[in-house]
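A.B. asks: Sequence:
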Amino acid sequence: MPNFITIANQKGGVGKTTTTLNLASALSLQGLKTLVIDLDAQGNLSYYLGFENAKDRFTINNLMFTIANNKDITMEDFKSCIYHNDVNNIDYIPANISLAKAEYYLIGSLSRETVLKTILKDNINLQSTINEYDYILIDCLPSLGILFVNALVSSDSIIIPVQTQQFALLGLDELEELMYQTKKRLNPRLEILGILPTMVDNTKISKEILAELNKKYTDKVFKTYIKRSVEALKSVQNKESLCLYKNVLGDAYKNLATEVIQRSEYIC
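In terms of this note's numbering, the sequence shown is residues 4 to 271.
Possibly wrong hints are sitting among the right ones.
[Unchecked claim] In the EDC-like style, the derived pairs of lysine to aspartate or glutamate whose C-alpha atoms are separated by at most 16 Å in a straight line are: (1) Lys226 with Glu215; (2) Lys82 with Asp59; (3) Lys223 with Asp254; (4) Lys36 with Asp59; (5) Lys219 with Glu268; (6) Lys74 with Glu135; (7) Lys218 with Asp159; (8) Lys36 with Asp125; (9) Lys124 with Glu55; (10) Lys14 with Glu177; (11) Lys218 with Asp176; (12) Lys242 with Glu55; (13) Lys219 with Glu177; (14) Lys14 with Asp176; (15) Lys187 with Glu116.
[As the list claims (entries may be wrong)] Listed next, with one range per pair, are the computed distances between beta-carbon atoms: (16) Thr132 with Asp176: 33 to 39 Å; (17) Asp75 with Lys207: 55 to 61 Å; (18) Ile208 with Gln33: 31 to 37 Å; (19) Asn56 with Asn205: 38 to 44 Å; (20) Asp75 with Asn205: 52 to 58 Å; (21) Phe61 with Tyr269: 44 to 50 Å.
Read the hints as simulated data drawn from the structure, not as lab findings.
The C-beta atom is built at its ideal place from N, Cα and C for all residues, glycine as well.
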């Protein structure tokens, strides 16, 4: 059974997608088979992994729409949504703009909060493929809507990237409240795996935010910090993980993967 981890923050620009890509790559380098799911209609993660959008290309939206309409997903349907990125050695289920419709069709769906869980955990016919993976990472859109709740219901834990800049802590209380309500009502296994400080630099505000995070979340804050660097932008442009080369950020994500593995053992 894989370890399911949601990577989310309702604030945009904090490094969710970069974290998902590089963590998946770092896990892969440790010999762990990883599947990433793009749950953002903007499809940035899918783009970074080389997904070529076309009408005949299946995405996470096809799977969720099928379940929302009370139909079954076959193994063939599921496998048709899984793509492989050779450069980063990552399997992924992509998203595109069609996922923006999910908020509308899920409204009328029975048990709308559990549609993704039905695909990933409750469908016996798909388990042989799903169980091939050690980790399944879900990259969320910057929102606390129904798609985010679906991710939480499907996950064992959540990683929250937090940019150590002004206003970084705004909205975290709302995210935590929704997470704990989801844990109480829909997914008692759900835990915070860790708070990940991102875009850390030597400015006063960055140091203050880092201190606040450590004070508020104590041992929930990862020991690994992701520093601000132009290398991150270059890796996005090249569609290659930072972990594939010898650099400070690549080493940081490799260290993060080690922490994730260690913490996951206590949750699962």
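A.B. asks: Next, verify each hint and record whether it holds.
C.D. replies: Evaluation of the provided hints:
Under the criterion of a C-alpha separation no larger than 16 Å, the hint pairing Lys226 with Glu215 is consistent with the structure, at around 14 Å. Note on Lys82 and Asp59: the hinted pairing holds, with a Cα-Cα distance of about 14 Å set against a maximum of 16 Å. At most 16 Å may separate the alpha-carbon atoms for a hinted pair to count; Lys223 and Asp254 exceed this at roughly 21 Å. Distance restraint check for Lys36 and Asp59: the Cα-Cα separation of roughly 27 Å exceeds the 16 Å cut-off, and the hinted pair is therefore not satisfied.
Of the pairs offered as hints, the one joining Lys219 and Glu268 is violated, with about 24 Å between alpha carbons and a cut-off of 16 Å exceeded. Of the supplied pair hints, the one linking Lys74 and Glu135 is violated, its CA atoms being roughly 24 Å apart against a limit of 16 Å. For the hint pairing Lys218 with Asp159, the CA-to-CA distance comes to about 25 Å; that exceeds 16 Å, so the pair is violated. Proposed proximity of Lys36 and Asp125 is contradicted: the alpha carbons are some 21 Å apart, above 16 Å.
Of the supplied pair hints, the one linking Lys124 and Glu55 is violated, its CA atoms being roughly 28 Å apart against a limit of 16 Å. Restraint check for Lys14 and Glu177: the C-alpha separation of about 11 Å stays at or below 16 Å, so the hint holds. For a cut-off of 16 Å, the pair hint linking Lys218 to Asp176 stands: about 15 Å separates their Cα positions. Taking the CA atoms of Lys242 and Glu55, the gap is about 13 Å. The hint holds against a cut of 16 Å.
Between Lys219 and Glu177 the alpha-carbon distance is near 15 Å, which keeps this suggested pair within the 16 Å criterion. Between the alpha carbons of Lys14 and Asp176 the distance comes to roughly 12 Å, so the proposed pair stays at or under 16 Å and holds. Taking the CA atoms of Lys187 and Glu116, the gap is near 14 Å; set against the 16 Å cutoff, the hint holds. Between Thr132 and Asp176 the Cβ separation comes to about 38 Å, which falls inside the hinted range of 33 to 39 Å.
In this structure the hint that Asp75 and Lys207 lie 55 to 61 Å apart at CB holds, the actual value being about 56 Å. Roughly 34 Å separates the CB atoms of Ile208 and Gln33, a value that falls within the hinted 31 to 37 Å. Taking 38 to 44 Å as the suggested C-beta distance range, the pair Asn56 and Asn205 conforms, at roughly 40 Å. The hint said 52 to 58 Å for the Cβ distance between Asp75 and Asn205, and at roughly 55 Å that hint holds.
One distance hint, 44 to 50 Å for the beta-carbon pair Phe61 and Tyr269, is violated here, with the actual separation near 36 Å.
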